[in-house]
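Residue-level listing of the chains:
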Amino acid sequence: MEVHKNNILILFAHPALQKSRVNRKLIRYVVDIEGVTVHDLYEAYPDFHIRVAHEQALLLKNDIIVFHYPVFWFSTPAILKEWMDLVLQHGWAYGREGTALKEKKLMSVISTGGREALYRKDGYHRNTISEFLNPIRQTAAVCGMEYLPPFVVHGTHTISEPEIARHGEDYREVLIALRDGLVDFETVRTLPRLNSDIKSIITK
Amino acid sequence: MHGEGFFFQAFVYLTAAVISVPIAKRFGLGSVLGYLIAGFVIGPFGLRLIGEEGQDVMHFAEFGVVMMLFLIGLELQPSLLWRLRSPILGMGGLQVCVTAALITSLGITAGFSFHVSLAVGMILSLSSTAIVLQTLNEKGLMKTDAGQSSFSVLLFQDIAVIPMLALMPLLALKTAGTVEGQVSHGSTGWVQGLPGWAQALVVAGVIASIIVGGLFLVRPFFRTVAKTRLRELFTAAALLLVIGIALLMSKVGLSPALGTFLAGVVLANSEYRHELEGDIEPFKGLLLGLFFIAVGASIDFGMIASNPGLIGMLLGGLILIKLAVLIVLGRLFKMGIDQNILFAFSLAQGGEFAFVLFSFAVQSHVISDTIANPLIGAVALSMALTPLLLIINEKVVQPRFGTKEKEGKEADSIDEHNPVIIAGFGNFGSIVGRLMRANGVGITVLELDSDRVDLLRKLGLKVFYGDASRHDLLLAAGAEKAKVLIFALNNNEKILEIVHLAKRHFPHLTLFARASGRTETYELLDAGVHHVYRETLDTSLRAGIDALRTLGFRSYQAHRATRTFRHHDEESIEVLRHLRHDKKTYLSHARQRIEDLEQLLLSELKDPEEHVDAGWDTTSMREEFREMDQEKE
Chain A
42 MEVHKNNILI LFAHPALQKS RVNRKLIRYV VDIEGVTVHD LYEAYPDFHI
92 RVAHEQALLL KNDIIVFHYP VFWFSTPAIL KEWMDLVLQH GWAYGREGTA
142 LKEKKLMSVI STGGREALYR KDGYHRNTIS EFLNPIRQTA AVCGMEYLPP
192 FVVHGTHTIS EPEIARHGED YREVLIALRD GLVDFETVRT LPRLNSDIKS
242 IITK
Chain B
654 MHGEGFFFQA FVYLTAAVIS VPIAKRFGLG SVLGYLIAGF VIGPFGLRLI
704 GEEGQDVMHF AEFGVVMMLF LIGLELQPSL LWRLRSPILG MGGLQVCVTA
754 ALITSLGITA GFSFHVSLAV GMILSLSSTA IVLQTLNEKG LMKTDAGQSS
804 FSVLLFQDIA VIPMLALMPL LALKTAGTVE GQVSHGSTGW VQGLPGWAQA
854 LVVAGVIASI IVGGLFLVRP FFRTVAKTRL RELFTAAALL LVIGIALLMS
904 KVGLSPALGT FLAGVVLANS EYRHELEGDI EPFKGLLLGL FFIAVGASID
954 FGMIASNPGL IGMLLGGLIL IKLAVLIVLG RLFKMGIDQN ILFAFSLAQG
1004 GEFAFVLFSF AVQSHVISDT IANPLIGAVA LSMALTPLLL IINEKVVQPR
1054 FGTKEKEGKE ADSIDEHNPV IIAGFGNFGS IVGRLMRANG VGITVLELDS
1104 DRVDLLRKLG LKVFYGDASR HDLLLAAGAE KAKVLIFALN NNEKILEIVH
1154 LAKRHFPHLT LFARASGRTE TYELLDAGVH HVYRETLDTS LRAGIDALRT
1204 LGFRSYQAHR ATRTFRHHDE ESIEVLRHLR HDKKTYLSHA RQRIEDLEQL
1254 LLSELKDPEE HVDAGWDTTS MREEFREMDQ EKE
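Heads up: the sequence lines are chains A and B, in that order. According to this note's numbering, the first sequence is numbered sequentially starting from 42. According to this note's numbering, the second sequence is numbered sequentially starting from 654.
Bound-form chain A, shown alone:
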């Protein structure tokens, strides 16, 4: 097997994928990328009985961790929260001796039903999507991980098929670039969203 610059683990959480319009398609764009492991949490743990040791081993094998989920009530689906509760153990992921995840990168790939305009200070939801992601950002910080801005697909209630396809292509392109170490992190850190303009962050 080829050795990649970064191995990527996608923790995918969608409780009703059969009803999904956007995420079901998005995940198809990345599922076959070499060096990328898609871990479908609801499929693996329908009873929420997460195998902690197994998950921790998976994390150790990868360099970039992706939380891919639809935003429910401004937060993650329940299983992803459960995963964080149980897998990110004290003394392993954080705390004085918890250094297992140090220097790894953490990012979210999320979708929201509402349009981007709702997620502004003066918008209906009164917070930006970055702000809603603060708990995850701080989780990364406590674990010594580098937090990357999210890959966001807004407005899934009204999104068109060509738009989904475009996001899918972007998702694939970004992941391949991340895998091969072709992402300009200096630029990335200044962006609110990873996918505002993906051409600008990928170095050739």
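These are calculated hints, taken from the structure and not from any lab test. Some hints here could point you the wrong way.
[As the list claims (entries may be wrong)] No farther apart than 20 angstroms at their CA atoms in a straight line, the calculated lysine to aspartate or glutamate pairs in the DMTMM-like style are these:
1. 122/A - 1266/B
2. 122/A - 88/A
3. 240/A - 204/A
4. 143/A - 126/A
5. 122/A - 1047/B
6. 145/A - 88/A
7. 46/A - 204/A
8. 1147/B - 1047/B
9. 1285/B - 202/A
[Said to hold, decoys possible] Far from chain A, some chain B residues (derived; all Cβ distances over 10 angstroms):
10. 1194
11. 1206
12. 1216
What you are looking at is a predicted structure, and each value in this text was computed from that prediction instead of being measured. Beta carbons: idealized from backbone N, C-alpha and C, even for Gly.
Guided by the hints, dock chain B onto chain A, whose structure is given.
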């Protein structure tokens, strides 16, 4: 010298059985036919390895029938027996009376005296308990309507032997009532010479003592024996019980089989039931096998060859009359057509009691040797033909006249191609099937009980009658297009048989099976079943959760602890399954079970504190904070 002779005989019998039964099974003929063929091969008309003593062996081996009825009794709780009273008395009574009457009138028409005809009619009305029950059991048909009905009729016949024996001397024209030498196993009875009312009293007393003894004495007796913790002593006690009752019954002129059956029923609810079953079972199996071999060897082919026309006529007549009576009877008792045919084909033979009764009748001067001998030949042949008749029924009659044919006519409905095939539609199969249908998934069901088949069809299900181990039936059920095959059968051997078939012809199917225990689970996994479900796992874990909650555990804690246990247990199945193959020495089934359990318990002790849900445990964090505070100070 004498010992050597015995060993030689044992060697011959065992070799014959060990060689011919697997061959017969390989060709789908069943073990009974295998034994019969073995008997024929080593008998006076085959290799002549055994001669006249075959008769003695047969008398000895008849004890296998006695043991079989004891075991059947153990399976049959009194309440169940009570529910069967109408088929036993109604169906069994009618079968014996009508068949006897028909044969009697046939005999009279043929010019024999009424007495002779009646004796022959009675004797020929009986069927073979040993052959029928063994064959039906092996085919897994005992629980079907036909199986239950056959059992009821056979039970009645076993009871009917007693009055027949009593009647026989009365039919003797010359020397009524002065016959010497009692029937069963030549023992002299206690009741001979007593007046009729006293005889009846003794008999009633003996039966009552068996029931009372079974209820109040046997259990403390076995408890005492069990306390010695000597396994062989328990076996000895079990054998003693069966032999003792058999002896007692023959002393008062009753059928030993009936007595032990009664004892079995009385003990069906006792805690020693399974022990007794386990102990008696191998003896029963061996003796029955011996009995079938003896029947095979006893068929007098010399006599048959010298008179083929007569014997052929008797044989054909016997089978046809029985078939006709049984078919009408099945109709009368509203049996479905497949079950009726199966029922008729099962019971259309003479029985082992015919040998006893014929020799008794000859002794009693009711009939002469010249009449009895050809009839004995015909009875023996008809017994040997029974497994063959059942195979013919399975392969030729059922496909043509059975329920499956109806399906063939509605060929267009086969086009649906349901993705799920369920073999067996009992409690387990029906729940799985309902869940599939509730989610819009079409199912095709294979079921052996044709009455259930009819019912399910009326409910609009796609159901095929028949044995799922047949390639053509799986094919007809759409196994080529289906994705999933679910085994909802109780019989692990049957499942394994179908698994091999499916693996060979339909390798694309994902196989699901229920297993009763760990050993069965290993067998199924080894055979290549993809998903195996132990039938008691979920219920026992649920009971465990509730027990933990009752003790004060939080509901969610109990639930998660049980989940963890379950995952652990399921992983151990995989581990132990492979460990099991590393052992070079062959371990017996029971020994294996104990070893498995031992390993399981050990593996649980090794990692007792697998930290479950540690993410919600703040102990280590509190410690760290405390240490940090101390450092500050």
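To see whether the hints hold, each was checked on the structure:
1. 122/A - 1266/B: The given pair, whose Cα atoms are some 13 angstroms apart, holds under the 20 angstroms limit.
2. 122/A - 88/A: Holds - the C-alpha atoms of residue 88/A and residue 122/A are around 14 angstroms apart, at most 20 angstroms.
3. 240/A - 204/A: 17 angstroms, holds
4. 143/A - 126/A: Satisfied, since the Cα-Cα distance of roughly 18 angstroms is no more than 20 angstroms.
5. 122/A - 1047/B: Between residue 122/A and residue 1047/B the Cα gap is close to 59 angstroms, so the pair fails against 20 angstroms, i.e. violated.
6. 145/A - 88/A: At roughly 29 angstroms apart (the allowed maximum being 20 angstroms), residue 88/A and residue 145/A break the hint.
7. 46/A - 204/A: Distance of about 30 angstroms is beyond 20 angstroms: violated.
8. 1147/B - 1047/B: OK: residue 1147/B and residue 1047/B at ~16 angstroms, within 20 angstroms.
9. 1285/B - 202/A: 60 angstroms, violated
10. 1194: Per Cβ check, residue 1194/B is outside 10 angstroms of chain A; nearest 12 angstroms; holds.
11. 1206: 17 angstroms, holds
12. 1216: 5 angstroms, violated
Hint compliance for this structure: hints 5, 6, 7, 9 and 12 are not met, and every other hint is.
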